[in-house]
Amino acid sequence: MEKRKGLLAVSIVMVSLFLQTQFLFGKELSKIFLEEVLSVGSMDDDALFQWVGVVTDLKNYIYVTDAMDYSLKKFDTKGNLLKKTGRKGQGPGEFLAPRLLDSSDQLLYVTDQYIPGIHVFDRDLEFRHRIPLIRLVGDLKVISDKQIAVVTLAYGQIGKIFFYDDKGKVIREFDYSTKKSSLLMDSISFDIDFHGNIYLAYNFQDKIEKFDAEGRKLWSQELLRIGRVKRKKISSIVVPFKIVYKDVVLDTSGKLFVLGGNLSKNPSRDVYVLSQKGEHLTTFTLPETSHCIYIDSQDYLYSRANDGVTLKKYRMKAVNK
Amino acid sequence: MRKYWFKVEGLMFKERPFCYLKFRHFIMIVVLGCFLLTNGELSSVIEIEARIPQKNDLFSNGKMDSYDSLENRKLLLFIIDFNDFMCLSCLDSFLDFYYCLPSDFQKHLSWGILVFNISEKEGNNNISARIVEKKLRGFVAANNIKFPILIDKFHVFNGLAEEGTVVMVFDWNRKMVKRYVFPLNKGQIEEIFKFLTE
Chain A
0 MEKRKGLLAV SIVMVSLFLQ TQFLFGKELS KIFLEEVLSV GSMDDDALFQ
50 WVGVVTDLKN YIYVTDAMDY SLKKFDTKGN LLKKTGRKGQ GPGEFLAPRL
100 LDSSDQLLYV TDQYIPGIHV FDRDLEFRHR IPLIRLVGDL KVISDKQIAV
150 VTLAYGQIGK IFFYDDKGKV IREFDYSTKK SSLLMDSISF DIDFHGNIYL
200 AYNFQDKIEK FDAEGRKLWS QELLRIGRVK RKKISSIVVP FKIVYKDVVL
250 DTSGKLFVLG GNLSKNPSRD VYVLSQKGEH LTTFTLPETS HCIYIDSQDY
300 LYSRANDGVT LKKYRMKAVN K
Chain B
0 MRKYWFKVEG LMFKERPFCY LKFRHFIMIV VLGCFLLTNG ELSSVIEIEA
50 RIPQKNDLFS NGKMDSYDSL ENRKLLLFII DFNDFMCLSC LDSFLDFYYC
100 LPSDFQKHLS WGILVFNISE KEGNNNISAR IVEKKLRGFV AANNIKFPIL
150 IDKFHVFNGL AEEGTVVMVF DWNRKMVKRY VFPLNKGQIE EIFKFLTE
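Taken in sequence, the protein lines are chains A and B.
Numbers 0 to 320, taken from numbering that gives the first Met the number 0, label the letters of the first sequence in order.
Numbers 0 to 197, taken from numbering that gives the first Met the number 0, label the letters of the second sequence in order.
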């Protein structure tokens, strides 16, 4: 009798999960609403001063880099600060401007805007080691404890994603742009799915692309139809000054979320949702401007509020056509 | 007669509401000005380090000393541009300079004013000021800044920091005020240190 009851409960849970998944991520997705579930850092506390990178683990702990006080912070599920590490400097576990953050099963990987290489910490924020890279990191995706994908900011190296091992040795290179573009035009944010497919959002071009694990381009998409991005001369160099796309992330079902930049209808707030095939499914707007977006393993969305003093966590509620 | 005068005045204002408004604004400005002159504060103060006034302070017991006691005095005023907080390397020159200062100038012989510019689009000035205040708190604690920094809520000093963070040197001996924009070059640093140490 007990066994049958248990089976019934499991079946109900499975069916409701299936229905929810269909509801949330059905192909006919037309709108996404955000429901705030957590706010980390207020005007009065000293939890966050200017957060930059965010990542969560399977226990829903939240890890954040804070550029203002040169630190890496760990928060519990209610947003309480559990631990903080780091200070200003260039030694082990020290930062000049901590920035990107990603994680493997066991470790956290942190980049610094002004120091080449990647700091590696465990989940208790103890510094483990540093992966020595020659170049500054523009974007980062940790594939496993043994493999990290990196886009560098070095001139002449833009247009490539480098795959490094945990010692900082290049395992392979992937050229996403073979033609020689002018400065910064090929700078990207990227994400990689479980099959090794690579998704790119160009920071200074109206271009979102998908490549398979072998490096074949599967599709390319322009969402804003803005034509050529304006550039201006700073000192002696000509650079683009308006960001088209700021960040790109995948949710658990493989949908692509792209944060628009200065040229979107709602600058730094519009998020474009694309299917695996590159179809534009919907666009939703964040309540406040953000420099990045992050989606955790349960499809909660994280973004910035109060100019980086607050981190918001949202439940995404989808409505189908 | 008196009643009639009021009636006329009332009519005047009624027919010329702009004048009436201007009159009301004038009275409000006078009252506000009096308040600020007597005991109002222009800016909120972040207490960086509580301490007992020292014998050689420029101001003691909240009152200015006599002119004689101001002789041989030098002061630094940092006007810090909040925009530089968005690019932390922009403040590196300021921090490097600050850490090299004689200890008196790292504490009580320096003052700071944090200026910020919030457009109407960005909304509530009150919330913005609170965000600025919080970021300043983080910056001060992380970089171990010892001198007091005021937040210029009413944008009194914005014009002085249009090119970014600046330092102003007040030298009573030379009867001189000079302004330098960060990042400072080697010659400017040497010049300022000469003023401070001579």
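For the record, the hints were derived by calculation from the structure and aren't laboratory data.
This one's a predicted model, so the numbers in the text were calculated from it and none came from an experiment.
There's no promise every hint is true.
Stated by the list, open to error - Here are the simulated EDC-like cross-link-like pairs (lysine to aspartate or glutamate), alpha carbons at most 20 Å apart as the crow flies:
#	chain 1	residue 1	chain 2	residue 2
1	B	K152	A	E278
2	A	K232	B	E162
3	A	K87	B	E162
What the hints assert, rightly or not - Restraint ranges, calculated between C-beta atoms of paired labels, are given here:
#	chain 1	residue 1	chain 2	residue 2	range
4	B	L159	A	P266	47 to 57 Å
5	B	N184	A	R122	29 to 39 Å
6	A	Y154	B	C86	17 to 27 Å
7	B	R173	A	G116	26 to 36 Å
8	A	T76	B	V176	47 to 57 Å
9	B	I188	A	K77	44 to 54 Å
10	B	I188	A	Q275	49 to 59 Å
11	B	W171	A	K77	32 to 42 Å
12	B	R173	A	Y154	42 to 52 Å
13	B	H154	A	R86	48 to 58 Å
14	A	I233	B	H154	24 to 34 Å
15	B	C99	A	L106	32 to 42 Å
16	B	C89	A	P131	36 to 46 Å
Backbone N, C-alpha and C define an ideal beta-carbon position, used for all residues, glycine too.
Structure-based check of all given hints:
no., hint, in the structure
1, K152(B) x E278(A), "violated (48 Å)"
2, K232(A) x E162(B), "holds (18 Å)"
3, K87(A) x E162(B), "violated (26 Å)"
4, L159(B) x P266(A): 47 to 57 Å, "violated (30 Å)"
5, N184(B) x R122(A): 29 to 39 Å, "violated (46 Å)"
6, Y154(A) x C86(B): 17 to 27 Å, "holds (20 Å)"
7, R173(B) x G116(A): 26 to 36 Å, "violated (48 Å)"
8, T76(A) x V176(B): 47 to 57 Å, "holds (55 Å)"
9, I188(B) x K77(A): 44 to 54 Å, "holds (48 Å)"
10, I188(B) x Q275(A): 49 to 59 Å, "holds (57 Å)"
11, W171(B) x K77(A): 32 to 42 Å, "violated (55 Å)"
12, R173(B) x Y154(A): 42 to 52 Å, "holds (47 Å)"
13, H154(B) x R86(A): 48 to 58 Å, "violated (33 Å)"
14, I233(A) x H154(B): 24 to 34 Å, "holds (27 Å)"
15, C99(B) x L106(A): 32 to 42 Å, "holds (38 Å)"
16, C89(B) x P131(A): 36 to 46 Å, "violated (28 Å)"
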